[in-house]
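Novice: Could you put the whole structure together from the sequences, leaning on the hints where they help?
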Amino acid sequence: MLNQANLGLIFLSAFLVNNILLIRFLGLCSFFGISTQVKASTGMGIAVIFVTVMATSLSWVVYNYLLLPFHLEYLRTVTFILTIASFVQFEEIIIRKKLPTLYRAFGIYLPLITTNCAILASAFLGIDYKLSFVQNLVFSIGISSGYAFVIVLFASIRERLEMSPLPEIFKGIPIAFITAGLMSLAFLGFKGLFQL
Amino acid sequence: MKIDFKNFINGIWRENPIFYLMLGLCPLLAVSGSVRDSLGMGIAVIFVLTGSNLTISLIRKFVPSHVRIPVFIVVIATFVTIADYSLAALSPQIHRNLGVYLPLIVVNCIILGRAEAYASKNNVINSILDGLGVGIGFTIAIFIISVIRELLGNGTIMGYQIMGANYTPFLIMIMPPGAFLVIGFLIAIKQGIEKRGKKC
Amino acid sequence: MKKKELIGGVLILTIVTALSGYLLAQVYKITKPAIEKQKKIEEEKINREIFPEGEEFAEKEENGVKYFSVLNSEGEEIGKIFTTLSLGYGGYIKIKVGVNKNGEIKGIKILQHNETPGLGAKITEDKFLSQFKGKTVEELYLKKDKSEGKIDAITGATISSRAVTDGVRKLLEKINKKR
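Chains as they are written, first to last, in the working numbering: chain P, 10 to 205; chain C, -3 to 196; chain Z, 40 to 218.
Among the hints, a few may not be true.
What the hints assert, rightly or not - Some, not all, of what chain Z presents toward chain C, calculated at C-beta under 8 Å:
#, residue
1, 44
2, 56
3, 81
4, 160
5, 198
Derived from the structure by calculation, the hints contain no laboratory data.
Predicted, not measured: the structure shown is a model, and the values here were computed from it.
Ideal Cβ placement from N, Cα and C applies to all residues, glycine included.
Specialist: Here it is as structure tokens:
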């Protein structure tokens, strides 16, 4: 059904309305781990955008030109995860050689990203919604920037939280979850955006 | 051959993947709004975990170290696909409700984690037990959370009306924020229990 | 030594992947008929809820529009069931509309939606949907939108209610145009 919408709607839907972290709950493992510092989160966010857009597009091509014509749809889980893992590996090598400054900026997060549910989800959802290549591209940009946006926001809140007085039992993970819950509540408000 | 029951029990309680290790969050939060879907997810996880642990333990002596991660991933992805198609054939409704979160089990940190930490280093029987233990631990955790969420958010459990007809559901519970809040509070309680234990 | 290790590793990976591919092909073959059957059962169940007197539901296509032709025990067509999409509050809503021989609405069902639980989600309830039975195109408006409209919106879910109402009306207009 999403494939009937225009590109702007697809982007908004992926970025805000169905935000990958706060509404779809994907990409959480790294989310709670990295988001204690704004700097680290920004690095992770950029890395995620880069990998997601490339890997999703690559997976789209693999699915529509390799799997579908040969009726091998059931291999999509295996092929997608292998595509993403190899792409990340490959990319890490290239970036380390050609763009060392970039590598120092976010290279360490690259291997972590392989198990980031958000990327695999982006690939699957693009196929499930039967998006065209361009729609898929916009969709993956929306998803990954939604992730980056939220993780940086969240990190800035958590940095402040470190210094506030909290009951012992809430320190650390519990308050992080509750904060995420409140942010999620705020994002739920975007649901009516489709009417614009 | 020693049977490692201690590890089995560990998976369920002391090192419960969710409450203790904070792994495998993505599917947990998404699916725990409904008890029926949570049990479906739990069974899928037990199946994948046990199957992949078994297979990886079987082939562990043949897999060179530098390709072990891709090999583990392929094995896990295979079991996830089997679970995916089997569930679609057996219960299309649960399959539809689980949606994209079912194939996402493949990147669930729990499964790769157990393969790496245990199955690749131990014999088959104990690996099976390990998979079962952690899988059951996950299922129990997601069951508890889903009971709280469905009961408070919908007044039902598994679709059966539990709360009286006048009960206005605490709607936020079955929506995304509710998931975060419930887990946050549960972990706070767990931390509280642990702290009190230390004082003794 | 290192090269030999690398080749050995890649070989193992290839074997494992090939085995995996073979295994999955078998699983796919086994489960495919069951999955197809389940889909048909579900679709038929919904069709039957709209047209209980229907004996058989045949898939047909006319002018590029797919629908189910509802046949009674004598094989005569007593109605048609269409599927349409409408943009609601939280995304697209998929609606099944059953129309009898005279072009009147027999019943509607919501197949898929993303509306707010407890509010917009109430569009799936019979209380709201049963309003559509027997309504003409002129009556298919929310009461608050047009005076001829006969559909009551759900309290607190105007947008969702409107989406369903407008979606059904537009479908009827399209069908009637073809007569």
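Novice: When the hints from earlier in the document are held up against this structure, which numbers fail?
Specialist: 4, 5
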